[in-house]
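Asks: Construct all of the structure, not just a fragment, from the sequences and the given hints.
Order-wise, the sequence lines are chains B, A, S and F. For what it's worth, this note's numbering labels the leading residue of the first sequence as 1, then goes sequentially. For what it's worth, this note's numbering labels the leading residue of the second sequence as 769, then goes sequentially. For what it's worth, this note's numbering labels the leading residue of the third sequence as 948, then goes sequentially. For what it's worth, this note's numbering labels the leading residue of the fourth sequence as 1215, then goes sequentially.
Derived by calculation from the structure, the hints in this document are not laboratory data. Hints are not guaranteed to be accurate.
Said to hold, decoys possible - Stretch-level coverage of chain F by chain B, calculated; a stretch enters the list once three of its residues show a Cβ under 8 Å from a Cβ in chain B:
1) 1257 to 1264
2) 1330 to 1340
3) 1385 to 1394
Computed from a predicted structure; not experimentally measured. Idealized CB from N, CA, C, for every residue including glycine.
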Amino acid sequence: MQEKHGSGNKNIQQTLGNKVSRRDFLKMMTAVGAIAALPGNGLLRRGPGASVMPSTGYEGKDAYQVFHNACPRNCYDTCGMLSYVKDGVLKFVEGDPASTFTRGGLCVKGYSYPRSVYSPDRIKYPMKQEGRGTGNWVRISWDEALDTIAKKILELKEQDGSLLGLGMTKYSGNFGITHYGVEGMMSSLGYTTRFVGTPCWPAGIDAQNFDMGNMWCNDPEDMVHSKYIIIWGANPSINSIHSMKYINEAKRRGAKVLVIDPIFTQTAAKANEYWQIKPGADGALALGMARHLLDKKLEDKAWLEENGEGYSEFASYLRREITVDWAAEQSGIPAERIKQITEEFASVKPATIWLGYGLQRHTNGGAMVRAIDAFVAMTGNIGKVGGGARYGHLFTWGFNYNALVQSAPEGSIGYTGVTGPMGEFDTGQGGNAATYTDRAFNINKIAQEILDAKEPPVRMLYVANKNVLSQDFDRNKIIEAFKKLDLIVVADLFFNPTVEQADIVLPTTTLFEDWTVNVSYWHYWMSINEQAIAPMYETKSDIEIASALSAKINSLKAGSCTFPENIDPKEMMIKEFNDGIYSLFGINSWEDLKNGAHKAKLVSSASWSDNKFGTPSGKYEFKSAIAEEYGHSALVKYKEPREAYASYRLLTPHSMYGLHSQFQNLDWMLDYNPEPLAYIHPKLAREKGLVDGDTVRVYNKTGEVQLKVSVNDIVPADTILMYEAWYGQNNPFNVNILVDDESSDMGKYKTGAPGVAIHDQFAEIEKA
Amino acid sequence: MSDFIQSIQQLSAFFFASDAKGMKTAYSELAKIHPAPAVDDWSSVEFSFNRLFVGPRALLAPPYASIYLDNDPNRVMNESTMQIRQFYGLLGLVSPWLNKIPDDHIALELDALWQIETALINSASPQLSDMREYLLEHLQLWVPKFRQRVLSIDDIHPAIHHIMDLLQQTLTTALQDAE
Amino acid sequence: MDTLLELPLILFTLLTQLAVGLAVFAALRQWVTVEGPSTRTRNEWIAILALIGVGVIAAFFHLGKPLGAIRMLANLGTAWLSREILTFAIFGALAAISLYMVYTKAPNGRLLKLTALVGLLAVFTTGMAYTGKALDAINNLLPLVFFMLTVFTLGPAVAAYFVEEKAHALLTSILFPTLLASLVVRFVVPFIWLSGNAVMNATGQNFLASPLHWLHLAALLAGLFFVRSGKNIPAWLPIVLLVGELLGRIAFFVLVVNSGANLGGVY
Amino acid sequence: MTRYAFSVNAELCIGCSSCGMACKNQYNLDPGMVWRKLYPLSEEIYPHKDRAFYSLACNHCSQPACLEGCPVGAYTQREDGIVVHNEDVCIGCRNCLRNCPFGAPRYNEEEGHVEKCSMCWQRIDEGLLPACVQACPTNALTLVDLDVDDVSSTVQYPPGFPYRPDLEPSTRFVLPVAPKIVRRDV
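Replies: Structure, rendered in structure tokens:
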């Protein structure tokens, strides 16, 4: 048996290539004494300490220091991780075995983390661009960067009398709780313009709030108890891989699994049955299924009587306006299948539906979620272990948001109009009686909002945790809007299309260089994120930037910022915890998390198990007054889908190789997914004279992209499928060039702005 | 101090420079020893320098040895980086930017060479001479590739080409002397 | 596989097989006629030794770590590649002694025969070494057959440069049937592959679609057309045959499909 | 006795590639180097393109052709069946690439040596699972002991995998299952 093995057994001789062999070199190590270090450019006299040995391959678990981390990306699974560090260098990562949800595993993205930490292409220093888009960058000190930013802020305040000319847009680049310090930094400066809402899931959030009074899903681990599972518009095989084992287990125990999706996804391939639904017709299908429950008298009358508000009105609406044949016609699913599955679903308990975020990214998305919720409610599966209309939850997010909660400096002037909540995680600010508030702009219409903003116009934009030019909608319009801005500051890890348009870029830490804590909007685990390695180069975390800016601006003009000027990221993380979190998770201290992830101690794995709903009536509301207040139908009802504006439906779902614009740019990911593809059905390929590998133009009123086609019957013949991804420096591909900023119906109530009808897009396709 | 030692020190200083001023100072010092083309616009040198070695866009010529030695062009802090750290350790040296800037940054390696050369003036330790030769050979393994990479890129200011040539020439001469 | 990556082996196998071919015919001539040392035979043995030398040097370039080549003798127990290296080493040594003998005194018939025999043994080991288990189409005796056909094509053809014209009859009496056999075998084999499994079928299709294969056959055909028993071998013919064998050898190295390339497909 | 093998359950595999990336992460493989990857089954074997996979690396054969043909003895087989390749001994002759019908050994041109899956024997010796197995979210990829575990419901030579009883590859397979599909007319 040889002593060592693994990749990279590159010995010293090979890599340093010297005449001195490895053995001689090691001999030298004991032989040579220290030389007196000179006051030169760099190297210092080395203090006492263990000698450092080069490492090769896997060296055995005892060779490493192990830290607990948490993947902070915008993902269902929010995996607890272990990072293995040697000599201060991150060597590899693993899943946290303490979590039964992830069971020691990560995904294809998570395992690529060491590549991003040690990519030579990370943003290393604060830099400023002399001429936006010129590529003429000069390195500046943090002091100079913050000075420029602070002076611009003071100038805006001087000129406008308020800070509403300062805009901030941030979303899901890092969901670590302390990253709400970016919002905190803004609050501590005064009242600013915030881009609020979420591009992700707002229509569904509002829908579930109208129906049940909150968005609250069962523990995904309880799907093993389900006897019938419908996965509706979700693709956990690539977006929540750790959920699949529960679905498999349920199936093994005899459950039937139906997947409803416009695409024959990998999840669909694992089901018992797959329905290729017409996009935007999910509501019609659910209402048809509901109607069939009535026809067959399969509804759970007892449950509905006790818990259903407005149910009889809904039932008469179904009888009056909906038929199974109509639903079949709308959705493309044969009436016979609708009837049979409805009967099967209603005949067992518990049965559950997982509603994906894809299905609500439509102009009628919220209405569709309400229709599906209603179907689950009618079968009496709400509040049941293994049942439920699962969408997501924020049940475990009750942190202090210490870095976020900052008061404006005394005398700050702000916005006096009516504002709602500032995003889905904002639990306190909406509707409070303050004299002034921030000015809320729709995050999903960043371009239009900047173009339209007056009194004062937005003149400075701070971007964090977000790649606007890659992920926001109608990219061409954003570029126009950016021209109106005097100063764009972007804090990021990598040079992306947004940094390209920035005046100042600030280098941020990776998750391994920072302290924070993470929870999921799907499962019920909490993981701590320890600092595993020192921050590389001159990178800073979001809250360190906030604190440094606070110190700088106050030094220029005292009393300009309330954010604490000296912070310790670890202390800031500790301050996020409170007794509520401790008791929910059954821990005594945050330090318990250093031994691994902990799960919330749930009364039941089912949400709403006591049937006490958060609605005004305290019941499940088939008819919601709040919905009506926000301009929707009070009763769960059919809503027409968006009219097609081009020949083919364009679907741009998440890729398994990236999370929005993160990961896909790494070289390891390129080994698996080297270039973007447009998937088209063989029939469409024949019509257009296309074969595998042909380059096509896909275009619509918003823009055009060019890419290769893959001919594949996973898509319907009237649909073009392209996965979302930012490929990095040299590939201009971006699906959002083709996605306009049309809103989805709901989202304003709970997130401050409606979502985007990402899947109500259409395009033409031609051979390039 | 000999011209050679002086050159090493200033080359190191050039690659350490964080702005045009620092580049200009080191460049001028080097010009006293080796004739150098005149530079009239230092900010364009700085733009080139940053495109190649600093960022924020992906580096065109990362200034780290492991990029050229470890068969992995997209990872720093790799195995040979740790070997160079070990080598510094043998000299009793440590980078002040330990785990922040890769130990095999060109400026750090040149600084180590400068420290050895300076120490050798005072004591002709044979072990130290071995160390010197070792470091020179190591530099000679990657600096030519590094230089080639820089030269292969369009629109790079000639001052940087000059520095790369000077670096190569200085190392080659030193290595010949060592042998 | 990359042609450039395989070029060293293409040269190694071809040149060493030519060397063995020359050695075999040198021995044969010694056996059937008494041939004294002459400039021509000296040149022939110099050529043999040079071909071995160039072939072996070329083979070094095939290795990722050429300095470890000596370790290739480590697995004589099971690896045909180790045995190949050993037999070629012996063949090379015998060829060197033969050259020495040819230079200094009358060639020793036994030695020449032994050298030729070891040469053939070496080609046998090459044939065995190239029956890759991942290469379904040639995981059989075909490499041996192909290589031996090359030996008995190039050997007599190139020997024509080193013998007096009266000896051409001996060469053609062997070259002609070899060419005929080679043409038939090489023409038929791809069609047989077509009826094999998916990997063999793909190999057959590659050959039938490749100009390399057809030019090889054309060279053999040209040989058949111009080589007549008892007649002289035209001076250009060995070149044509050499080029033909080279093209055929490139085809052998780059067109044979590796079973691992079809994972997930029908076998 | 112990005889380790990978078990690949294509019915459970969701094609997430975590196994392959976990391997790259564990060994810091050079860019472009892949020891384990997913092979999509062709449409003759599974009726839908890119929807069923075998996750394959080295099959740690009982009669390893790589080992048999290696002229320098870079391959050894442990008593538990794991076929280990030693990069330090390897001289990069690539004979194993010609001999492995499963495409497991990969040539690293820059390093001048071959590399392949080691079944993470160091991890196994420490009582840990191979990195790829630990990564698999659905237990589609597992480590089995052929001398102890019941593998009677598995297949050794499924379609899409070379039939090579002469090598006795240790990997065991469960075949994928296709759902009932309801498509709309377009």
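Asks: Each hint: holds or not?
Replies: For each hint, the structure was consulted:
1. 1257 to 1264: Three-residue rule met by the stretch 1257 to 1264 of chain F, so holds; n is 3.
2. 1330 to 1340: holds (count 6)
3. 1385 to 1394: Coverage by chain B holds here, the residue count being 4 at a Cβ distance below 8 Å.
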